[in-house]
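Colleague: For chain Z, the structure is supplied; the task is to place chain V on it using the hints.
There are 2 protein chains.
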Amino acid sequence: MTKDNRLKIVFHGANACNFQEGFAKILGLDVEIRSLSDSLDGVLEYEDYSNADVIIGTKLDGQLPAPKALRLYHAPAAGTDAIDVNCLPANAQLCNCFGHEDAIAEYVMAALLRPHVPLELADQGLRKGQWSYWAGRPNALRTELGGQRLGLLGYGHIGKAVAKRAKAFGMSVNVANRSTVKDPLVDQCFGLNDLFAFAASSDVIVVSLPHTQQTEGIVNADFIDAMTPHAVLINVGRGPVVDEKALFDALKQKRIKGAVIDTWYQYPNAQRPECPPSQFDFSSLDNVLMTPHMSGWTAGMLSRRQVTIADNIRRMVKGQGLLNCVWPIPHHNFTHSSS
Amino acid sequence: MTKDNRLKIVFHGANACNFQEGFAKILGLDVEIRSLSDSLDGVLEYEDYSNADVIIGTKLDGQLPAPKALRLYHAPAAGTDAIDVNCLPANAQLCNCFGHEDAIAEYVMAALLRPHVPLELADQGLRKGQWSYWAGRPNALRTELGGQRLGLLGYGHIGKAVAKRAKAFGMSVNVANRSTVKDPLVDQCFGLNDLFAFAASSDVIVVSLPHTQQTEGIVNADFIDAMTPHAVLINVGRGPVVDEKALFDALKQKRIKGAVIDTWYQYPNAQRPECPPSQFDFSSLDNVLMTPHMSGWTAGMLSRRQVTIADNIRRMVKGQGLLNCVWPIPHHNFTHSSS
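Read top to bottom, the protein sequences are chains Z and V.
Sequential numbering from 1 applies to the first sequence in our numbering.
Sequential numbering from 340 applies to the second sequence in our numbering.
Okay, chain Z solo, but in the shape it has when bound:
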């Protein structure tokens, strides 16, 4: 094989380039690999992009050159909303990645345990000789997570990973999902036409839905009003699934106990590297834990996704069917075993 005939793989943009280090070794094929900037302004970047056999990237639109030789566009993420499939050449496939669910489940469990196990306050006290949480003191009794009812809005990779851990703590697990869920981890399943009963059924609601026309604002003021006043809302799906104003108002008016929000309504960009995550001043509230869309971003997630992408490229080379295919919409979807 001469150099010119080698498979051309490009990592496009800063996000995708995180997945390049060590990728050649995992792939184990004689290929050409390039890292390209988001705006393709480096010398030859435009040409490298146009001629790529495989693009690993998060954004495809009409502003970018047409990738005319493309056979596989691989998102290094689950969400592919910024990838316009109309810009893919005929016969090119779009695949995505999971592998973030274990990371997100760890984030969710840490957030769930936090109000029950006040480690920071206890540490700050004992360093000053104060034994406020000492066993034997009646007003020091902690609560337990184990007896609580977990409500999972969405039961995909993330919901399942959270359910598995929550069950080991003894929590009961309720699910609201488009299709009925039959899973020994799930105690009660609600349809999407029964969302208020679902909202009322749980002490903690974890939202892991993607952002689609159907899910936008599905957690609205009425949903939040249906929750019990002592309940906590956790959003690790996408910001707009939870109505921005309804969430802010409910927290400000303390209609629910609190929220843990990782996915937001406004994100920084090059022009504005520091920005608030919402048009409303969530930082003025003391009943919200605010994190910057971090829940899935771990070294373990990165290496699991590299394995998925490398596996799909080897399958393509061998002429085998691809896994995690998003476009063309497959009849049966086969997902990668590590995802």
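What the hints contain is simulated information worked out from the structure, not anything from laboratory work.
There's no promise every hint is true.
Pair by pair, the computed Cβ-Cβ distance ranges are [what the hints assert, rightly or not]:
1) V:Q592 with Z:L285: 55 to 61 Å
2) Z:Q253 with V:P549: 45 to 51 Å
3) Z:D286 with V:G530: 47 to 53 Å
4) Z:D41 with V:K593: 42 to 48 Å
5) V:Q552 with Z:L285: 50 to 56 Å
6) Z:E120 with V:I365: 31 to 37 Å
7) Z:G62 with V:N626: 49 to 55 Å
8) V:K467 with Z:N193: 37 to 43 Å
9) V:Q592 with Z:S39: 49 to 55 Å
10) V:G418 with Z:D281: 48 to 54 Å
11) Z:Q63 with V:P523: 53 to 59 Å
All C-beta atoms, glycine included, are put in the ideal place defined by N, C-alpha and C.
Modeller: Using the frame of chain Z, we list chain V on its own:
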């Protein structure tokens, strides 16, 4: 039944008195229940103690009046080291309680997740518009708990409860125990003659051993030196199981990554309500999380123990064998199903 013939139950001391509220209802028998101070200085307290059929308490020694009518001394805790069985009348039995293991397992899992999910720092940053942990940033990659190796020193109620949760996170579980453990939750079991290999085998060591002649100082300087430098030690057993000076020196010299210590070497008393937990200045260290012996103290633990104690009193009344019997040492030990 006249009033004088009713069963006389006393809760003795501030710790035991935590378990009285709501107890009569759980028990459901027509009995006489009294709460007595630790030093029995109230009017008639001395007499109530001496005539009790059942004492629920944590301390029995020769300084206290002989409970000559006693049939059952029930500790509302697992540890019975402060109860001198030589002070029990013939035919009286000593029983203990568990029900703390779920609470302690929640504490341990929260402590395990803490370094991997920096919720507090992320929240403090985002409130100022800083997105330091934002997904997509290479230097923001978190680590995961799931890939780590857990080492359980002791595999009783607490060890099992921690193992169950840790497994759901994908951790591998190593155990060091007096007797060989055969449990699908356990990947590798070490004998107590193989402690250094055990110490080297894990990324986190959780000590849940009781304090006995055999366990005192079992985690000594040599054990800590056998741990990997990135390992973390968690003690939820009893302070003296871990050698006080060896632990302090190892942390000060950063020979291990850190420690989470809940059980200590010095405790407050009435004369000294605020006191440091050790003769060494642990509060000068930044690689230890210090908590005031709080891990098992939850409302759930309290109500599970009330159920155990009430169940044993009903068994005694019916002439049935008691559960969780500590003295006389039973041939077979039956433990309460809720424990």
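Colleague: All hints, please: hold or fail.
Modeller: Do the hints match the structure? See the list:
no., hint, in the structure
1, V:Q592 with Z:L285: 55 to 61 Å, "43 Å, violated"
2, Z:Q253 with V:P549: 45 to 51 Å, "49 Å, holds"
3, Z:D286 with V:G530: 47 to 53 Å, "51 Å, holds"
4, Z:D41 with V:K593: 42 to 48 Å, "46 Å, holds"
5, V:Q552 with Z:L285: 50 to 56 Å, "54 Å, holds"
6, Z:E120 with V:I365: 31 to 37 Å, "34 Å, holds"
7, Z:G62 with V:N626: 49 to 55 Å, "53 Å, holds"
8, V:K467 with Z:N193: 37 to 43 Å, "42 Å, holds"
9, V:Q592 with Z:S39: 49 to 55 Å, "50 Å, holds"
10, V:G418 with Z:D281: 48 to 54 Å, "50 Å, holds"
11, Z:Q63 with V:P523: 53 to 59 Å, "55 Å, holds"
Comparing the model with each earlier hint shows a violation of hint 1 alone; every other hint is respected.
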